[in-house]
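Chain by chain, the residues:
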Amino acid sequence: MDKYNTQIADPRQPVEHRGPAVEMTDLCKDFGSFRAVDHLSLTVQQGEIFGLLGPNGSGKTTTINMISGLSVPTSGMVRVMGYDVRREARQVRRILGSIPQETALYEELTAWDNMDFHADLFGVARKEKKERIVRLLELVQLLDRKASRVSTFSGGMKRRLAIARALLHDPALIYLDEPTLGVDVQARRAIWDYCLSLRDQGKTVLITTNYLEEAQALCERLAIIDHGRLITVNTPDHLKQAYGGTILELETSQPFAEVERIKELPGVKEVQQEERRLKVTTAGVDHIVPQIVNIVSQNAELRDLAVREPTLDEIFLQLTGTALRD
Amino acid sequence: MFNLRAIWACMKKDIKTSLTERTFTIIGILVPINILFLMILFVIGGGYAPTAVVMNDHGPYARQFYQAMSGAHSFRLQQTSAREAEGLLLSGRIVAVVTVPADFDARIQQKQPVQVNVQVNNLNTDFTNDIRRAIPLSITSFYAKAFPNLVTIMPREWDAYAQDTDYVPYLSVSILVVGIMLGGVLQSGLGTAREWESATIKELLLSPASRWSIIVGKMLGALTIGLVSLIIVLAALILLIGAWPAHWGEVIGFGLLTLIIFVAWGTLLGTLFKNRTPVLALAFGTSIPLFILSGAFGPLSFTTPAVQLIAQLFPVAYAIALQQHAFHNFNLNTYGVGGNALVLVGYALGLIILAAVALRRSTLAH
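Residue numbers (this note's numbering), protein chains in the order written: chain A, 170 to 495; chain B, 71 to 436.
No lab work stands behind these hints, which were simulated from the structure alone.
DSS-like cross-link-like pairs, simulated, lysine-lysine; straight-line CA separation at most 30 Å:
(1) B:K82 x A:K315
(2) A:K298 x A:K315
(3) B:K86 x A:K296
(4) A:K298 x B:K86
(5) B:K86 x A:K299
(6) A:K296 x A:K315
(7) A:K315 x A:K299
(8) B:K82 x A:K299
(9) B:K82 x B:K344
(10) A:K315 x B:K86
(11) A:K432 x A:K448
(12) A:K438 x A:K448
(13) A:K296 x B:K82
(14) B:K82 x A:K298
(15) B:K181 x B:K215
(16) B:K344 x B:K86
Construct the entire structure; sequences and hints are all you get.
Structure follows, in structure tokens:
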């Protein structure tokens, strides 16, 4: 049996899942004169792990709140599995598993009580309730702490419990708002594993994060959002190719004088010089690396050379002009 | 619209939460009891002016005059010497010194005027006025007893009710209502506001359970804890104050109805403010003025039309009227038991609907 399998036959009426997992059309949200989400249109397909990437205040959480019906859009439309979030809110909530940033756990209650409450609230069949709770607490390795109050848990444990709770009613779409915010490296790894296992079960996972490493490790597609606007949407690899290509980092014995020659080469997008260090961003065209190395070697002694893919941080900077975590 | 399982879950969760957080239990249960004792101590402690009587004559008339003062329900008397009395007055331990002259009996027998000196401390004008009013009353009462054929006082009491009710049992019924109000608002208001403060409201709002079920479940949780508080306050009222209900069913029924109103009011406040501090401030800030305004000390018809008008806007006045009927058979207004109960039912339904609408329209700030 799959270690992370959380699926248990649901005796309730099966929910008809139509269309994409999430479909946003021209979505706007204003808070007074401030526009938090600005004409956002996005489609998340069923069964994928989709990431919303953006700095703090970029509109990620507001977008998520509109998807879950916690916030009413000023204009535009959101559909979840074909259901209109505003008109068919209850159906949407039934197929949505949410792990908010704050975890929203009742700290003064035990882990078991939190799970039990969620099961009753979401109408998990009584005869299956206990079995499901045990199984999910086991999954997130908290079964031995089932009788402990949540207030005694670490940040990572709370996050794991929130994941277990969100999976209790077997949702088709799970959203995780900053899933690893404030958790240690070990817990982060475990949370990533849970997310990947959800995808393997055919569930759709929507993640908001401002950790690039996380987006890269988990997401099949990424939407980059800034100031409430969609900057781009694509796979991490495609984003790297489209906006980064290849990056060369060179170190010479003395400051390199002929930067302009490199800039003129076809396929070179950007050259940054910092004393004896050069950073050249290319479009990834063939034979460009030897050409650059040649020019540099002719004029200075090459001490160090590194060729790498751009990080999402660099892509984000290039796309928005700002760093991801500013 | 209603999902019984979700209602039960919300109720159970709120009771558990309240019981695991001691502050909650203390606030929800002990505050109404504290209010009860506080008010009663206020009433008992504020009633009598400490007064020294210098008895320079111990004849039968002088003693009768002393008895008349004792029966005036205004003095806490102690017999002292003139010197001791002066010391007590200067040190602020008494309000007044009444000096009965040495020739009191002789002058009364000779039907000559008697001068009784009263020295009054003006530290508190309320006490001073009490003394001013009580001395002539004592004199009248003395003459009525000493010379019944000379001075005749014929009080004709019309017994509107079967029993005489002392001031404290009368007042304590109103305090019970304010206790229920405070307990209900605090229990539900703080519980609801805390859901927003700790962001656990997301768990509720993201569930497929209807907002009606959530509201009803939460209110039932607060109602259960409030009921414990009501029973304790009621027990204190009966066992310690001696206020025995005339109609037990009405006490329980109207107590519960009042509790429902204030639990709904608290839920509404918690949903609107989303923060415990304003709920706490509003609960305490409104309970005492409403208590005084709504006929706590006597029927509303004894007050000014403006006060009557304001008081009738709030459910406390109707709840007090109903509890006074339940305990003492009193009819404090012209609506009758059914009319007052109907008004309270209207308030309860209105506030439950408002709380549900407020939660239904609740969205997150970001």
